[in-house]
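In terms of the numbering used here, the sequence shown opens at residue 1 and continues consecutively.
Don't take every hint at face value.
[Stated by the list, open to error] Derived lysine to aspartate or glutamate pairs resembling EDC-like cross-links, with alpha carbons at most 20 Å apart: (1) K419 - D333; (2) K276 - E123; (3) K306 - D205; (4) K451 - D8; (5) K276 - D164; (6) K276 - E207.
Hints listed in this document are in silico derivations from the structure and should not be mistaken for laboratory results.
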Amino acid sequence: MNLSMTMDKGTSRLIYGWLILSVFSLVFAGIFALMVALARTPVIEDMLPLGRDYIYVALVGHVVLAVVIWFLAFEGFLWMYTTTIRLGRGVASVGLGWASLAFAGTGMALIVAASLFGLGTAELANYVPVLLSPVFYAGLILFAAGIALNLINTFLTALSARKDGVALPVLTVGMLSAGAAVFMAFVCFALSAYFQLYTGKIFLDFERLFWGGGHILQFANTISMVTVWLYLASLTFRNEPIGKGFAKLLYAFYLVFIIPAPFIFFMYDTSSQAYKDSFTTLMRWGLGPSTTIFTLAVLSVFSTGKRPWKEPGFSSLVLSIAIFFLGGLIALDISGVNTKIPAHYHCVIGAVTIAFMGLFYELMPRLGRAIYSRRLATIQPYLYSAGIVLFAIGLYMAGAHGVARKTYGSEQNLNNAWKLLGMSIMGVGGLVAIAGGIAFVWNALFTLLGKERAVVSSGGTEPVA
1 MNLSMTMDKG
11 TSRLIYGWLI
21 LSVFSLVFAG
31 IFALMVALAR
41 TPVIEDMLPL
51 GRDYIYVALV
61 GHVVLAVVIW
71 FLAFEGFLWM
81 YTTTIRLGRG
91 VASVGLGWAS
101 LAFAGTGMAL
111 IVAASLFGLG
121 TAELANYVPV
131 LLSPVFYAGL
141 ILFAAGIALN
151 LINTFLTALS
161 ARKDGVALPV
171 LTVGMLSAGA
181 AVFMAFVCFA
191 LSAYFQLYTG
201 KIFLDFERLF
211 WGGGHILQFA
221 NTISMVTVWL
231 YLASLTFRNE
241 PIGKGFAKLL
251 YAFYLVFIIP
261 APFIFFMYDT
271 SSQAYKDSFT
281 TLMRWGLGPS
291 TTIFTLAVLS
301 VFSTGKRPWK
311 EPGFSSLVLS
321 IAIFFLGGLI
331 ALDISGVNTK
341 IPAHYHCVIG
351 AVTIAFMGLF
361 YELMPRLGRA
371 IYSRRLATIQ
381 PYLYSAGIVL
391 FAIGLYMAGA
401 HGVARKTYGS
411 EQNLNNAWKL
421 LGMSIMGVGG
431 LVAIAGGIAF
441 VWNALFTLLG
451 KERAVVSSGG
461 TEPVA
């Protein structure tokens, strides 16, 4: 069933616009990953802006594009998709939709430009690293404004549907919950900035600025990931993994820990350890229960039908769950400030990314576009996942033997065989993951920009979720 045929052109174009923006964020993230490697290469490093120090600038560009912009842009697509096509209606405001996409696209372009030309010193803050440059700041603000406008449009569309008596499916409820988390994260960023400036600070402490909201963004990404898991499972097995009422309760449990977050700023100074610990506590207790139950629900439907390992939607689902679980195991053994920490979060980030990639392959035919290369789509999830696993295992090994986090070159002090082996495995894994990322981007761009075709999905009707 070609679902895009039921939509007005304005809504359909906006949906494709967010998809294209998200894919291009991965294109530039890959370019900056390459720049990180070049910044470590003799002779070439001296040709780059800022010389050897450009590695930190490239890292900022890579992380912001690969983690912040890619996730939020794809979630922007999902917000529109789940409140329009899934509900059989157009977006509340096409004009507001284009404004949101224009703001987000311009913001991303400024971030790319600032990172490419080294316009500022790198500040490797957790969650959202930054370049100390007005161009970079403007890019972040514009991108955030675009996401905020998209959220407003999404909530207005969902509200209109409810007024018309339309029942919201699990997929829509899940993404609205993720949207609420993003909104609360933005409120946290704003409050953090206000309270820092209110105390008369000459400059913002970016680590503290993004600490609270960064934790809440992890709720949004996790909620989006498990929602995609539910949808991929229902598309594969034509069987709903979980009842609608129970699913809504689980999403509500996430929100119980998300909604109070802004009040922390009125309880503790942003420079205090209590402030940091409060957000860590919210994430520690708020993410686990619902995510675990959703995972078990998805796994329970695997026995209800054939497991199509050559289908990228199913393989991405399984690999995403497995890598997320690996990240959880690594988290249990984290102690000290070493490379076990990035081993953990690269698994989590990788799990979200793989889930989103798998959904892309599943939805494109339903949106009227054939996948450019089905063969490449079959291989790509395994390639990317293998790279992420090797990358994480290498970092874990190195961290277990004392390699400190956020150190590069001679600072890593690779003075024994285990450290060298761990970092070597990490390097190989990084190359494999980059190859998997390139394969996805290549396939996705040719799919999105190629000739549109009306394709009948093999499963027949859409699932309810």
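Evaluated hints:
For the hint pairing K419 with D333, the CA-to-CA distance comes to about 17 Å; that is within 20 Å, so the pair holds. Our distance criterion of 20 Å between C-alpha atoms is met by K276 and E123, whose separation comes to about 19 Å. In summary, the hint linking K306 to D205 is not supported, as the alpha carbons are separated by about 52 Å, beyond the 20 Å threshold. A threshold of 20 Å between alpha carbons decides the hint, and for K451 with D8 the separation of about 19 Å falls inside it, so the pair holds.
For a cut-off of 20 Å, the pair hint linking K276 to D164 is broken: about 43 Å separates their Cα positions. Of the supplied pair hints, the one linking K276 and E207 holds, its CA atoms being roughly 10 Å apart against a limit of 20 Å.
Checked against the numbered hints above, the structure violates hints 3 and 5; every other hint is satisfied.
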